[in-house]
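Asks: This is what each chain is made of:
Protein chains: 2
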Amino acid sequence: LIVSTYRLSEKSESLLNEFNLINGSDKKEDVSKATVLLGWPDSLRRNVQFAEHLEAIQTFSAGVDDLPFHQIPESVKIFSNAGAYSQSVSEHAIALILSLSKSVNRKDPPASYGVAGKTMAILGGGGIGSSVAKIARNGFGCRTIGISRSFQHPENFDEALPVEKLDYVLGSADIVVCALPLNKSTHNLLARNRLEKMRKKVVIVNVGRAEAINEEDIYSFLVGNPEARFGTDVFWRVNSAENFASKLWTLPNFAGTYHRAGAPASPEVKEEAVELAVINARNYLLHNGRVRNLVKRDDYV
Amino acid sequence: LIVSTYRLSEKSESLLNEFNLINGSDKKEDVSKATVLLGWPDSLRRNVQFAEHLEAIQTFSAGVDDLPFHQIPESVKIFSNAGAYSQSVSEHAIALILSLSKSVNRKDPPASYGVAGKTMAILGGGGIGSSVAKIARNGFGCRTIGISRSFQHPENFDEALPVEKLDYVLGSADIVVCALPLNKSTHNLLARNRLEKMRKKVVIVNVGRAEAINEEDIYSFLVGNPEARFGTDVFWRVNSAENFASKLWTLPNFAGTYHRAGAPASPEVKEEAVELAVINARNYLLHNGRVRNLVKRDDYV
Chain A
52 LIVSTYRLSE KSESLLNEFN LINGSDKKED VSKATVLLGW PDSLRRNVQF
102 AEHLEAIQTF SAGVDDLPFH QIPESVKIFS NAGAYSQSVS EHAIALILSL
152 SKSVNRKDPP ASYGVAGKTM AILGGGGIGS SVAKIARNGF GCRTIGISRS
202 FQHPENFDEA LPVEKLDYVL GSADIVVCAL PLNKSTHNLL ARNRLEKMRK
252 KVVIVNVGRA EAINEEDIYS FLVGNPEARF GTDVFWRVNS AENFASKLWT
302 LPNFAGTYHR AGAPASPEVK EEAVELAVIN ARNYLLHNGR VRNLVKRDDY
352 V
Chain B
52 LIVSTYRLSE KSESLLNEFN LINGSDKKED VSKATVLLGW PDSLRRNVQF
102 AEHLEAIQTF SAGVDDLPFH QIPESVKIFS NAGAYSQSVS EHAIALILSL
152 SKSVNRKDPP ASYGVAGKTM AILGGGGIGS SVAKIARNGF GCRTIGISRS
202 FQHPENFDEA LPVEKLDYVL GSADIVVCAL PLNKSTHNLL ARNRLEKMRK
252 KVVIVNVGRA EAINEEDIYS FLVGNPEARF GTDVFWRVNS AENFASKLWT
302 LPNFAGTYHR AGAPASPEVK EEAVELAVIN ARNYLLHNGR VRNLVKRDDY
352 V
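Sequence order for the protein chains is A and B. If you use the working numbering, the first sequence corresponds to residues 52 to 352, in order. If you use the working numbering, the second sequence corresponds to residues 52 to 352, in order.
Looking at chain A on its own, in the form it has when it is part of the complex (with noise of 0.2 Å):
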């Protein structure tokens, strides 16, 4: 039996019609016969508990941060959606690197930055650091330099390091583009240390997940070297809800959104992502051998 927590339009739904569906509920009685829930996090976090069945997860979402792990057995494979929002999210980071180094909407602009044939730093080379560094590097001609486990598209980088170069890398580039998943090699991971290492013109962009980047120290670090610019589109939580009410809005040096990137981009990039969340789980139950993103447990536990 599959449930969905969230209910699937009519063409998600046929895509599992040869199975056993039950669509949009969140009812205990359902959740708990379930050997394949589908879900956005929150959902998840709610009702993983009553599962008892439970041999598969798909998230809707591309992160998996949120789940409960520690009440998810062993046994149960999980995968995220990561990739489904890349087309979205890439186009996301560029607008933002863009509105910083032209100031769209500031008055009293300093100086713009050219974007072509700059260094960019990719953090993360999967579906959305991939997908950066093909608008960089065709439309701009931009070099890019991918650091990461492994690489969706490495034909995009010219440069694909893993993160042992991080240091190096953070070093040489103007433009350092932040597409991590938050787990526990990534969290924390631009802190001050790193931070200073930059240059003095840097344009830093996060559209992964705010805890990749300290937040005291990049506010410091904003305020401390005027001619850095720094975007999110990813906001610290706090109780596990995103806090949009940073201080970074009352800098001149900061552009943000409203974590818009992926699924609340617009209606047609969510219901894009949930029916590849779909398929998905639907090759894990045709054991067709193209299921994909299978999440490593250890990474978060």
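By construction, these hints were calculated from the structure, which means they are not laboratory data. Watch out, some of these pointers could steer you wrong.
The list treats identical chains as one, so a pair stands whether inside a single copy or across any two.
27 Å max Cα-Cα, derived DSS-like pairs, lysine-lysine [stated by the list, open to error]: (1) Lys235 <-> Lys158; (2) Lys128 <-> Lys252; (3) Lys158 <-> Lys298; (4) Lys321 <-> Lys252; (5) Lys62 <-> Lys169; (6) Lys158 <-> Lys321; (7) Lys169 <-> Lys347; (8) Lys169 <-> Lys321; (9) Lys248 <-> Lys169.
Add chain B to chain A, keeping to what the hints say.
Replies: Below, chain B alone, put in the same frame as chain A:
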């Protein structure tokens, strides 16, 4: 005798060292002897009347709409600096498009618009228009349709069409970029009748001259069509000075910058553009056939 009313850098000056040059003077006695006059439009407007032996004018600006054509004898050749700001201005156009599409810094943001694969109409096929097309096509996979009398890089356009096709093109575009010089035929080109032909969710951006769009008409259009979005770097002139205090700023579906796309973008952009103008003047003086950007007076007078 060459007179530059603007003080050239050492490097630019050295490009003219085989000629007789007065560098950085707008004294009447110097200007009056000039056979070739180099300068920005505002300075040329004040000084050109004193140049009694003038053969040629080279502007540092791309646009020449501010020149006092009625004071310049027809025998005087006028060279613009078209193309010198192409990279900076085209990046700026993309910045405005993305900033609007993703509602950067906008509270209570509406749905984001995707850019990938969209149809972009580009009015003006010169250096700026061609460079916008290149970024949009190579970076975002947009379908690029240019409207121009002559295309500098037709290879960047999926379709390169004459001005007569304008109405047809505007109706099929998701994004409209205006990169036109201001002259008799472009003044008020986008007025109510053409704006009303556009798509409901059109994103319009102007990096040419404000007066190619009718200010009252675009204002009414944006009020009446909240899903349409407009961004501009250029503002309508009042007594020949750009008036940045437009009521457009009060609209949520507007984004702006304070005429910063070209020379004021940064000292580097300005210096590079001045060098290109000096090289062009040098080519004119050397009669080597590589002189560019001869202005057609008929377009303006």
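Asks: The structure should be examined with respect to each hint, and the outcome stated for every one.
Replies: Outcome of the hint check:
Within a single copy, Lys235 and Lys158 get their C-alpha atoms no closer than 40 Å, and across copies no closer than 32 Å, so neither meets the 27 Å cut-off. In this assembly of identical chains, the alpha carbons of Lys128 and Lys252 never lie at most 27 Å apart, being 44 Å within a copy and 42 Å across copies at closest. Within a single copy, Lys158 and Lys298 get their C-alpha atoms as close as 19 Å, and across copies as close as 15 Å, so both meet the 27 Å cut-off. Proximity of Lys321 to Lys252 under the C-alpha cut-off of 27 Å is restricted to the inter-copy arrangement: shortest distance 19 Å between copies versus 35 Å within a copy.
Within a single copy, Lys62 and Lys169 get their C-alpha atoms only as close as 43 Å, which misses the 27 Å cut-off; across copies the closest is 24 Å, which meets it. Taking identical chains as interchangeable, the C-alpha atoms of Lys158 and Lys321 lie at most 27 Å apart only when they sit on different chains, with a minimum of 20 Å there against 34 Å within one chain. In this assembly of identical chains, Lys169 and Lys347 lie within 27 Å of each other by CA distance neither inside one copy nor across copies; the values are 34 Å within and 37 Å between. Taking CA atoms no more than 27 Å apart as the test, Lys169 paired with Lys321 passes between copies only; the shortest distance there is 18 Å, against 32 Å inside one copy.
Taking identical chains as interchangeable, the C-alpha atoms of Lys248 and Lys169 lie at most 27 Å apart only when both belong to the same chain, with a minimum of 17 Å there against 39 Å between chains.
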